[in-house]
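> So you can see what is in the structure, the chains are spelled out below.
Number of protein chains: 2
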Amino acid sequence: MIRSAIIAVGSEIFIGSIVDTNSAYLAKRLNQIGVTVDLITPLPDDIGRMVETFKKCFSEYDFFITTGGLGPTFDDLTAEAIAKAAGVKLQFNDTAYKHIEDLLTKRGVSIKESHKRQALLPEGALLLPNSKGTAMGFICDKNGSYSISLPGIPYEMKPMFEDYVIPFIRKHFNLPEIFMEDIRFAGLPESDVDEVIREIGVPSNLECIINVSKGEIIVRVRTTDRKVFDPFVTNLIEKLNRFYIGKGDESMGEILFRMLNERKKSISFAESCTGGLLSKMITDIPGSSKVFVGSVVSYSNDVKMGLLGVSEETLKSFGAVSKETAMEMIKGCKKLFNTDIAVAVTGIAGPDGGTSEKPVGLVYTAIDIEGELEVKEHLFSGDRDAIRERSAKYVFDSIIKRLKSR
Amino acid sequence: MIRSAIIAVGSEIFIGSIVDTNSAYLAKRLNQIGVTVDLITPLPDDIGRMVETFKKCFSEYDFFITTGGLGPTFDDLTAEAIAKAAGVKLQFNDTAYKHIEDLLTKRGVSIKESHKRQALLPEGALLLPNSKGTAMGFICDKNGSYSISLPGIPYEMKPMFEDYVIPFIRKHFNLPEIFMEDIRFAGLPESDVDEVIREIGVPSNLECIINVSKGEIIVRVRTTDRKVFDPFVTNLIEKLNRFYIGKGDESMGEILFRMLNERKKSISFAESCTGGLLSKMITDIPGSSKVFVGSVVSYSNDVKMGLLGVSEETLKSFGAVSKETAMEMIKGCKKLFNTDIAVAVTGIAGPDGGTSEKPVGLVYTAIDIEGELEVKEHLFSGDRDAIRERSAKYVFDSIIKRLKSR
Chain A
70 MIRSAIIAVG
80 SEIFIGSIVD
90 TNSAYLAKRL
100 NQIGVTVDLI
110 TPLPDDIGRM
120 VETFKKCFSE
130 YDFFITTGGL
140 GPTFDDLTAE
150 AIAKAAGVKL
160 QFNDTAYKHI
170 EDLLTKRGVS
180 IKESHKRQAL
190 LPEGALLLPN
200 SKGTAMGFIC
210 DKNGSYSISL
220 PGIPYEMKPM
230 FEDYVIPFIR
240 KHFNLPEIFM
250 EDIRFAGLPE
260 SDVDEVIREI
270 GVPSNLECII
280 NVSKGEIIVR
290 VRTTDRKVFD
300 PFVTNLIEKL
310 NRFYIGKGDE
320 SMGEILFRML
330 NERKKSISFA
340 ESCTGGLLSK
350 MITDIPGSSK
360 VFVGSVVSYS
370 NDVKMGLLGV
380 SEETLKSFGA
390 VSKETAMEMI
400 KGCKKLFNTD
410 IAVAVTGIAG
420 PDGGTSEKPV
430 GLVYTAIDIE
440 GELEVKEHLF
450 SGDRDAIRER
460 SAKYVFDSII
470 KRLKSR
Chain B
70 MIRSAIIAVG
80 SEIFIGSIVD
90 TNSAYLAKRL
100 NQIGVTVDLI
110 TPLPDDIGRM
120 VETFKKCFSE
130 YDFFITTGGL
140 GPTFDDLTAE
150 AIAKAAGVKL
160 QFNDTAYKHI
170 EDLLTKRGVS
180 IKESHKRQAL
190 LPEGALLLPN
200 SKGTAMGFIC
210 DKNGSYSISL
220 PGIPYEMKPM
230 FEDYVIPFIR
240 KHFNLPEIFM
250 EDIRFAGLPE
260 SDVDEVIREI
270 GVPSNLECII
280 NVSKGEIIVR
290 VRTTDRKVFD
300 PFVTNLIEKL
310 NRFYIGKGDE
320 SMGEILFRML
330 NERKKSISFA
340 ESCTGGLLSK
350 MITDIPGSSK
360 VFVGSVVSYS
370 NDVKMGLLGV
380 SEETLKSFGA
390 VSKETAMEMI
400 KGCKKLFNTD
410 IAVAVTGIAG
420 PDGGTSEKPV
430 GLVYTAIDIE
440 GELEVKEHLF
450 SGDRDAIRER
460 SAKYVFDSII
470 KRLKSR
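These protein sequences, in sequence, are chains A and B. Take the first sequence: its letter number 34 is residue 103 in our numbering, and every next letter is one higher. Take the second sequence: its letter number 138 is residue 207 in our numbering, and every next letter is one higher.
Since the hints were derived computationally from the structure, they do not count as laboratory data. You may find that some hints are simply not true.
Heads up, the list lumps identical chains together, so a pair's fine if it works in one copy or across two of them.
For lysine-lysine, the following DSBU-like pairs were computed, each having C-alpha atoms within a straight-line distance of at most 35 Å [stated by the list, open to error]:
#1 K445 - K125
#2 K97 - K201
#3 K227 - K470
#4 K333 - K427
#5 K153 - K124
#6 K316 - K445
#7 K445 - K359
#8 K427 - K404
#9 K359 - K403
#10 K308 - K175
#11 K125 - K153
#12 K334 - K403
#13 K175 - K403
#14 K445 - K427
#15 K308 - K201
#16 K385 - K316
#17 K404 - K240
#18 K403 - K427
#19 K334 - K392
#20 K227 - K473
#21 K385 - K403
If you're wondering where the values come from, they're calculated on a predicted model, not measured in any experiment.
Throw the hints in and build the complete structure from the sequences for me.
Below, the structure is given as C-alpha cells:
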C-alpha cells in the first residue's frame with residue numbers, strides 16, 4: 070500500500086476563518102486511485118512547525134501533499150519550509166518568474182517586490198504549471214519520498230492535481246486496482262443501514278464506512294478484491310432497495326439532472342422556504358439548461374398571488390405554509406413554465422416564525438410529474454440550513470425514485 | 070495562554086466523503102473567547118490511533134475537543150477511546166439511555182441493541198445534554214486536562230458547544246480579554262492589501278492574517294492589547310477605505326440584509342447564470358423576508374421573454390449574454406416585483422458554452438437602486454462555482470458600497 074499525508078497550510082484554518090475543503094478533495098481522489106491517506110493535518114504559517122512536520126512526512130510517507138502557503142505575502146512559507154525539510158536551498162526560478170510576470174502583465178496588475186518571492190523555490194524542484202494563477206506548484210524528492218506542493222485556491226489546485234500530480238503518482242508508484250463505490254440511500258435511519266450491514270457481514274478485506282449527511286446516508290465500500298466487492302454491493306442494494314438512490318459520488322442534483330436529461334424531461338420550481346436552493350442545486354450542474362427552464366422564488370405573499378396566482382382567500386384561510394398554498398403554487402408553476410415536472414415548496418425554515426400549530430420545520434412539498442401530483446407534509450428537524458437542505462433533498466430524492474419506478 | 074486541540078473523528082474524512090466543517094466552527098469560537106488552538110487533526114475510526122492521540126492531548130493541552138464517533142454504529146468509538154486514554158472504564162449510563170429511549174419513542178423509531186451502545190460512557194464523565202439527537206456529549210478529566218466530546222452532526226454539536234461547553238471553559242479557565250476583528254475588503258488584489266499592511270507595520274503582539282476567498286479579502290486582526298488593536302484597525306480601514314466592506318464575520322448576505330433592513334429597502338432578482346444563488350444567499354439569513362420579495366430564475370430564453378419581457382429581437386441581435394438582455398431583464402424584474410432595488414445577472418458560467426467572442430466567465434450585471442441603474446460587464450476567472458460566486462459577490466458588494474455612499 071502506498072501511504073500518503075495531506076497537509077493544508079494556513080493560520081486562517083486555526084482561527085476558523087476558512088473551512089479546508091482541499092484535503093477532502095485530495096483524500097477522495099487519492100483513495101480512488103488506490104493511495105491510502107494516513108494523515109491529514111492542517112498547519113499554521115509557522116516555519117518551525119512546518120519544517121518539523123515536513124521532515125517527519127519525508128521520512129514516514131511515500132509522498133505528502135501540501136496545499137496553500139505559495140502566495141506572494143509575508144505569511145506564505147511553504148517553499149522555504151520544504152527546502153529546509155529537504156535540506157536544499159531556495160533558488161530564484163526564472164521559469165516561475167517568467168510565468169508570474171506574463172500572467173500579471175496580462176491581467177494589468179503591476180509587478181511588486183513581493184511577487185518575486187513567489188519565484189523562490191527549492192533547488193531542483195520539479196515545477197507544476199498553474200494555468201489559473203501566479204503560484205507554481207512543485208515537487209521535491211528526499212531519499213525517494215516526495216513532497217508535492219499545490220496552491221491553496223481550490224480552482225488552481227484541482228486542475229494542477231488532476232493534470233500533473235495524478236500522472237506523476239501513477240508513474241512513480243505501482244498502484245493496486247481499487248474497487249470503490251459510494252452507495253447512497255435516503256428515507257431511513259442510520260441504525261437501520263447499520264443493522265443490514267451487520268446482517269450481511271463485512272468481509273475482513275473490505276472497508277465499509279457509513280456517512281450521514283442531511284437527508285442522505287452514504288455507504289462507502291472499498292477493497293482491492295473484486296470477489297468480495299461485487300456480492301457485498303449487490304447484497305446491500307438488494308436489501309435496502311426501497312431506499313436506494315444511486316451509486317457514485319454524484320450529488321443529488323447530478324443524479325436528477327442525469328435522469329431528466331436521459332428522459333428528455335424539463336423541470337421548474339416555485340420556491341418559498343427553500344429560497345432559490347432547488348434552483349441553485351440544479352444549476353450547479355454544467356449543462357443544466359438542457360432540463361431546467363426556470364423558477365420563481367416567491368418569498369412574499371404578493372409574489373405568491375401576483376406571479377403564481379395563489380388566491381388571497383387561500384392565504385387567509387390556510388396560511389402561506391399549507392397544503393392548499395403548495396397546491397396553488399404548483400398550479401402557477403406549471404402555468405408559467407409548462408414543464409414536464411413542476412415543484413412547489415413552502416415551509417417554515419426558522420429560527421423564528423414558528424407557532425405551536427405550525428412549528429419551525431413544517432414544510433409542504435408538491436411535486437407534479439406529468440400530471441401525477443404528490444403533496445406531502447413534513448416536519449424536518451435541524452437548524453435553518455438543515456431544514457432548507459432536507460426539503461430540497463426530499464424533493465430531488467422523491468423525483469429520482471418516482472422516475473426510476475416508472 | 071490556554072492551549073487546546075480539536076479532533077474530528079471519522080474515517081469518512083480520510084476518504085474524502087465529507088468536509089470537516091466542525092473544526093473551523095470550533096476554532097473560530099475558541100479564538101473569539103481567548104483560547105489558542107494549537108492542533109487540529111482528524112482521526113480515522115481506529116481505536117489504537119484514537120487512544121494514542123487522546124493520551125497525547127490529555128498530557129499536552131489544557132483541553133481538547135472531539136467531534137464525531139458518538140453514534141450507535143459499529144464504527145463509533147470515541148467513548149471507548151476516551152475511556153482508555155483517561156484510564157477509566159466504560160459504564161452503562163442510565164441518564165443517557167433514558168434520553169435516547171425518550172427521543173426515539175417520540176420519533177417513533179424502535180429501539181435497537183445498537184442504541185444501547187450509545188449509553189456506554191466513560192466512568193465519571195460529565196454529561197452534556199443533546200436537545201437535537203440521541204448522542205449525549207461528555208467531558209472527562211485526567212490530571213486537570215479535559216476531553217470534551219461532542220457529536221459530529223453540526224446542528225447537534227453547535228448548540229451543545231454554545232450552551233454547555235463555553236460556560237464550562239469560562240468557569241474552569243481564566244481567559245484573557247481578546248480584541249479580534251475580521252476586516253473585509255473587496256475589489257483589489259491580495260498583494261495590495263499585503264503592501265498596505267507592511268506599510269502600517271504589524272506590532273509584535275498583534276496577529277494579522279490575510280485570507281482570500283472568492284471575491285473577498287478578509288484580514289483577521291487579533292491581540293490582547295487594546296492599545297495596539299484600535300490604531301491598527303483604524304489605520305488599515307482608512308488606507309483601504311475605497312475597498313472596505315465591513316467588519317465582523319457577517320457574510321455578504323448578512324451585511325446586505327442588515328443594510329437593507331435598516332434602510333427599509335426591498336430587493337428582488339432576475340437571475341440567469343447565477344441560477345438562484347443570489348436568492349439563496351439572501352434567504353440564508355433569518356428574517357430575510359423583511360427585505361427580499363422574490364425572484365425569477367430565467368434559465369431558458371422562453372422564460373426571459375415570457376416572464377421578464379425580454380424581446381426576441383434583443384435575444385437574436387445581441388444574445389442572451391449581453392448588456393442589452395441584462396437591461397431588459399432588470400426592466401422585467403422591476404415590473405414584476407416593484408422593489409426599491411432590482412438586480413439582473415446573465416453570463417456564461419461554463420465549463421461549456423463559451424466562444425472566442427463570449428468566453429466562459431463573461432457576466433453582465435445590472436443593478437437598479439431606486440432608479441439609478443448600473444450595468445457592468447465582467448470577465449471572471451475560475452471554474453463554474455467560482456464564476457457564479459464572484460458574480461453574486463460582486464452584486465452584493467456593489468449594492469453595499471452604493472448604499473453606504475448615499
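> Now tell me, hint by hint, if it's right for this structure.
Structure-based check of all given hints:
With identical chains, the CA atoms of K445 and K125 are never at most 35 Å apart, being 56 Å at best within one copy and 51 Å at best between copies. In this homomeric assembly, K97 and K201 come within 35 Å of each other (Cα to Cα) both inside a single copy, at 22 Å, and across copies, at 30 Å. Proximity of K227 and K470 under a CA criterion of 35 Å is satisfied in both settings, with 33 Å inside one chain copy and 33 Å between copies. For a Cα distance limit of 35 Å, the shortest separation of K333 from K427 across copies, 28 Å, qualifies, whereas the shortest one inside one copy, 38 Å, does not.
When the C-alpha separation of K153 and K124 is checked against a cutoff of 35 Å, the pair qualifies both within a copy, at 9 Å, and between copies, at 30 Å. Taking the closest pair of Cα atoms, K316 and K445 come within 35 Å of each other only inside a single copy of the chain (26 Å); across copies the shortest separation is 43 Å, beyond that limit. In the homo-oligomer, the alpha carbons of K445 and K359 lie at most 35 Å apart both inside one protomer (28 Å) and across protomers (27 Å), since each shortest distance falls under that limit. In this assembly of identical chains, K427 and K404 lie within 35 Å of each other by CA distance both inside one copy and across copies; the values are 29 Å within and 33 Å between.
Both within a single protomer and between protomers do K359 and K403 lie at most 35 Å apart by alpha-carbon distance, with minima of 18 Å and 27 Å respectively. Taking CA atoms no more than 35 Å apart as the test, K308 paired with K175 passes between copies only; the shortest distance there is 27 Å, against 58 Å inside one copy. Taking the shortest Cα distances, K125 and K153 sit within 35 Å of each other both inside one copy (12 Å) and across copies (27 Å). Taking the shortest alpha-carbon separations for K334 and K403, both the intra-copy value of 14 Å and the inter-copy value of 31 Å come in at or below 35 Å.
With identical chains, the CA atoms of K175 and K403 are never at most 35 Å apart, being 48 Å at best within one copy and 38 Å at best between copies. When the C-alpha separation of K445 and K427 is checked against a cutoff of 35 Å, the pair qualifies only within one copy, where the shortest distance is 15 Å, while the shortest distance between copies is 44 Å. In this homomeric assembly, K308 and K201 come within 35 Å of each other (Cα to Cα) only across copies, at 29 Å, whereas the closest approach inside a single copy is 46 Å. When the C-alpha separation of K385 and K316 is checked against a cutoff of 35 Å, the pair qualifies neither within a copy, at 45 Å, nor between copies, at 42 Å.
Proximity of K404 to K240 under the C-alpha cut-off of 35 Å is found in neither arrangement, the shortest distances being 57 Å within a copy and 60 Å between copies. For a Cα distance limit of 35 Å, the shortest separation of K403 from K427 qualifies both inside one copy, at 27 Å, and across copies, at 33 Å. Proximity of K334 and K392 under a CA criterion of 35 Å is satisfied in both settings, with 26 Å inside one chain copy and 31 Å between copies. For the identical chains of this complex, K227 and K473 are intra-copy neighbours only, at 33 Å inside a copy versus 37 Å across copies, given an alpha-carbon limit of 35 Å.
Taking the closest pair of Cα atoms, K385 and K403 come within 35 Å of each other both inside a single copy (23 Å) and across two copies (26 Å).
Hints 1, 13, 16 and 17, counting from the list given before, are not met by this structure.
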